[in-house]
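Visitor: These protein sequences, in sequence, are chains F and V.
The opening residue of the first sequence carries number 1 in full-length UniProt numbering; numbering runs sequentially from there.
The opening residue of the second sequence carries number 1 in full-length UniProt numbering; numbering runs sequentially from there.
Source of the hints: derived by calculation from the structure; they are not laboratory data.
Among these hints, one or two may not hold up.
Where chains are identical, the list cannot tell them apart; a pair therefore holds if satisfied intra-copy or between any two copies.
[To be verified] When the alpha-carbon atoms are kept at most 30 Å apart in a straight line, the in silico DSS-like pairs for lysine-lysine are as follows:
#1 186 - 252
#2 252 - 58
#3 258 - 183
#4 241 - 82
#5 252 - 92
#6 7 - 279
#7 7 - 167
#8 186 - 300
#9 252 - 212
#10 229 - 14
#11 252 - 183
#12 310 - 212
All values reported here derive from a predicted model rather than from experimental measurement.
2 protein chains.
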Amino acid sequence: MEGVEVKEKDVCVKMLAAPINPSDLNRIEGVYPVRPPLPAVGGYEGVGEVLSVGSAVKHLSPGDWVIPSPPSSGMWQTYTVKEESVWHKISKDSPVEYAATITVNPLTSLRMLQDFVTLNSGDCIVQNGATSIVGQCIIQLARLRGIHSINIIRDRAGSDEAKEMLKRLGADEVFTESQLEVKNIKDLLTNLPEPALGFNCVGGNSASLVLKFLRHGGTMVTYGGMSKKPITVSTSSFIFKDLSLRGFWLQKLMNPDKVNESRNMIDHLLCLAREGKLKYEMELVSFDDFQSALDKSLGKLGSQPKQVLKF
Amino acid sequence: MEGVEVKEKDVCVKMLAAPINPSDLNRIEGVYPVRPPLPAVGGYEGVGEVLSVGSAVKHLSPGDWVIPSPPSSGMWQTYTVKEESVWHKISKDSPVEYAATITVNPLTSLRMLQDFVTLNSGDCIVQNGATSIVGQCIIQLARLRGIHSINIIRDRAGSDEAKEMLKRLGADEVFTESQLEVKNIKDLLTNLPEPALGFNCVGGNSASLVLKFLRHGGTMVTYGGMSKKPITVSTSSFIFKDLSLRGFWLQKLMNPDKVNESRNMIDHLLCLAREGKLKYEMELVSFDDFQSALDKSLGKLGSQPKQVLKF
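Model the full assembly from the supplied sequences, consistent with the hints where possible.
Guide: Pasting the structure below:
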């Protein structure tokens, strides 16, 4: 660590692991409205071990495990120096790959289940893009609260296996988009209540399917647009069905009001991960294999587990 | 009034005037999801004079002026018998044409300004369909509270006159849709803050223009769809601009929680009408001219003032 100045409030962290998330790639592609000054280091999240602390640092000591919370750019580094306030100390018995990935996807899932509509046990949600990690976490986190889930996935080779996988996680219903080309979509819900809350990360027709499932007065939260198609809504959906459409972006967690609450939620999520109640597929790869991890993350090698780099 | 039974809680009202609203016509066309059992009498709103009351009626007496509140079907009648709870007593010095029309349009405007976003003096709203009566009322009601308005109207013969008319009512800015075909719509706002609240009664491109004007975190309320085109929204509007899309339907005022509040709002609106602070163009027509009033309301004779039938 020669040549890097550690100021009095700074903490120098030796990174242990950091994932390649789609949001990291999108940031590099420049598609986000907020862009960093260049040169910039990628990586919104990860886990590291405290190496040294400045003289005014109060709550962290060498050897602690920390994650940046809210997510902070620059985690794709061997050593990262940031102010103490950036770092959240976590339990060292957390699996490293979950500690490295707990914020961008699982915290999104948990916040979206809590921040928009008050749900009770027995209620139901609907989502598209259900095979994504956010989608898988929503299924599991909902299930833990007794909330049912209706899940929409793309038609593709392997969709039967995807259905089985999601049902093992606790999904009540999983439909491919083509299964939903029916006159009255709600006839498909035999034992489930109409959902009050829906999640959309696809857009286009897939978003319309989420809207069709929603009950009167329901809310759809958009957090992604994988199809790159906009969302089209009829006037009557607003006037007669009283739907609300909202959006979610993890960046909002930068709001200081939300930081403590989000850190408590992260502790809860890591606890669930340790207990095996929250799981998703990842591949821990050596930094030497960065190029192949990047190719996999870019989708060049077909469907692959989330790539988590070990430093 | 022979042959009509007036039960103990009923009030028999001799109608004085009732308008032909687009919503009356839409109801007859069957486009609303809630349909009355047939045969049914049209007319959601109007004003009448109490002729006789049942033995259990406490707060109304013959000679009182009343309006149905919430709006209630069957006002296109010489005599209307409904329970006391339907009727709201109003001041007899209200202009009859305003008393007859105060609910469906002006109350919609006032509720939409109050129910979705907290606005303060100096704030700004944006709306399309600004020449509609709801639009004209929004301009005036906003202005009375020191709230600025940006107004979008169709390109058509007479749009210059429409602009002048809306500016006389207090509009800060009036644009035709074609004037808004610019790279950055917000460059057009020189002295106005970005609006936090928008109203859409058109759909299609016109709704997109409202969305473009809205500030980060803003809300668009849809209350009509005159173009019969849906509303199309980009994913980034939800995620990065944090927009909320909602709907408004006056029928929601049927909710008993809202009835008293709405009646107070109606009294306030009638007071403004008496003082000349809330105005819109109407044509009082004799019931004998019903056919021509209907033709005018259906748009068969070009742009015409709202038709209000005298009974």
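Visitor: Now, for every hint given, state plainly whether the structure supports it.
Guide: Now for the hints, and whether the structure bears them out:
Taking the shortest alpha-carbon separations for residue 186 and residue 252, only the inter-copy value of 24 Å comes in at or below 30 Å, while the best intra-copy value is 34 Å. Within a single copy, residue 252 and residue 58 get their C-alpha atoms as close as 27 Å, which meets the 30 Å cut-off; across copies the closest is 55 Å, which misses it. Proximity of residue 258 to residue 183 under the C-alpha cut-off of 30 Å is found in neither arrangement, the shortest distances being 42 Å within a copy and 35 Å between copies. In this assembly of identical chains, residue 241 and residue 82 lie within 30 Å of each other by CA distance solely across copies; the values are 28 Å between and 48 Å within a copy.
With identical chains, the CA atoms of residue 252 and residue 92 are at most 30 Å apart within one copy only, with a shortest distance of 27 Å there and 53 Å across copies. Taking identical chains as interchangeable, the C-alpha atoms of residue 7 and residue 279 are never at most 30 Å apart, the minima being 38 Å within one chain and 66 Å between chains. In the homo-oligomer, the alpha carbons of residue 7 and residue 167 never lie at most 30 Å apart, since the shortest distance is 50 Å inside one protomer and 59 Å across protomers. Taking the shortest alpha-carbon separations for residue 186 and residue 300, neither the intra-copy value of 37 Å nor the inter-copy value of 40 Å comes in at or below 30 Å.
For a Cα distance limit of 30 Å, the shortest separation of residue 252 from residue 212 qualifies both inside one copy, at 28 Å, and across copies, at 21 Å. Neither within a single protomer nor between protomers do residue 229 and residue 14 lie at most 30 Å apart by alpha-carbon distance, with minima of 41 Å and 55 Å respectively. In this homomeric assembly, residue 252 and residue 183 come within 30 Å of each other (Cα to Cα) only across copies, at 28 Å, whereas the closest approach inside a single copy is 38 Å. For a Cα distance limit of 30 Å, the shortest separation of residue 310 from residue 212 qualifies neither inside one copy, at 43 Å, nor across copies, at 44 Å.
Hints 3, 6, 7, 8, 10, 12 from the earlier list are contradicted by this structure; the remaining hints agree with it.
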